[in-house]
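Undergrad: Construct all of the structure, not just a fragment, from the sequences and the given hints.
Note that numbering that gives the first Met the number 0 gives residue 41 to position 42 of the sequence shown, counting from 1, and the numbers run on in steps of one.
If you're looking for bench data, these hints aren't it; they were derived computationally from the structure.
Taking lysine-lysine and the DSBU-like style, the derived pairs with C-alpha atoms no more than 30 Å apart in a straight line are: (1) K166 x K105; (2) K102 x K58; (3) K58 x K100.
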Amino acid sequence: MKIYTKIGDQGKTTFFGCGLVPKDDPRIEAFGALDELNSVIGVTLCFVDDEQLCKTLTKIQHDLFQVGADLGGTKLEVAMPRVTAGHIEELESAIDGLEEKLKMPKAFILPGGTQASAFLHLCRAITRRAERTLVSVQQVLIINPELIRYLNRLSDFLYVLARQANKEVEVQEQQPIYKYFTEEINEGTNSEKEIHEKENKAKEGLNIFLGDKTIEVNAHGKRVVED
Numbered sequence: 000m001k002i003y004t005k006i007g008d009q010g011k012t013t014f015f016g017c018g019l020v021p022k023d024d025p026r027i028e029a030f031g032a033l034d035e036l037n038s039v040i041g042v043t044l045c046f047v048d049d050e051q052l053c054k055t056l057t058k059i060q061h062d063l064f065q066v067g068a069d070l071g072g073t074k075l076e077v078a079m080p081r082v083t084a085g086h087i088e089e090l091e092s093a094i095d096g097l098e099e100k101l102k103m104p105k106a107f108i109l110p111g112g113t114q115a116s117a118f119l120h121l122c123r124a125i126t127r128r129a130e131r132t133l134v135s136v137q138q139v140l141i142i143n144p145e146l147i148r149y150l151n152r153l154s155d156f157l158y159v160l161a162r163q164a165n166k167e168v169e170v171q172e173q174q175p176i177y178k179y180f181t182e183e184i185n186e187g188t189n190s191e192k193e194i195h196e197k198e199n200k201a202k203e204g205l206n207i208f209l210g211d212k213t214i215e216v217n218a219h220g221k222r223v224v225e226d
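TA: Given below as structure tokens:
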């Protein structure tokens with residue numbers, strides 16, 4: 000059997016007994032996201048030394064194939080492997096165990112730290128996208144509701160795994176800095192303390208006068224108004 004079939008040269012592909020469908024069909028998008036997630040987990044494993052974490056990630060790879068089989072069997076009469084409440088409960092139990100060891104942050108944290116943690120954060124982000132694609136599928140097809148629940152919980156699990164990977168080697172987490180002032184505004188004319196005070200006020204959504212400019216800021220950004 001050859002790896003190429005030329006069937007997809009016209010932008011269509013076969014889908015589990017449903018004949019040819021466009022490659023941008025929501026189901027194909029979902030399969031693509033699951034495939035990407037599984038592949039990046041494979042990359043992540045290259046940077047993981049902990050034996051138990053390797054086993055955990057490998058099991059997730061197998062489970063993702065079950066997610067795909069479940070999704071693919073939506074319109075088939077034959078029995079397909081299904082994702083069940085047990086899969087979600089297993090993830091929740093693992094999350095609870097890790098959260099007992101981790102102090103939950105009160106703010107967002109920057110993805111990164113160790114290579115393993117950075118890749119686990121990337122896996123988390125891709126999981127979120129895979130979840131969104133399944134929501135799109137759910138708009139047009141009746142699918143197993145446990146699929147979306149599983150991916151939702153998986154992203155949480157990958158998040159705590161990423162944090163745990165940093166904690167194990169004592170890499171400190173960083174929180175994002177929301178910068179509302181740039182060097183171009185009266186550069187060098189204000190002390191660092193003054194800038195800090197103005198930034199703190201800016202975060203509260205106030206209008207700040209700085210030199211010859213008024214800065215109107217909110218939680219989403221800034222707007223500079225010339226006097």
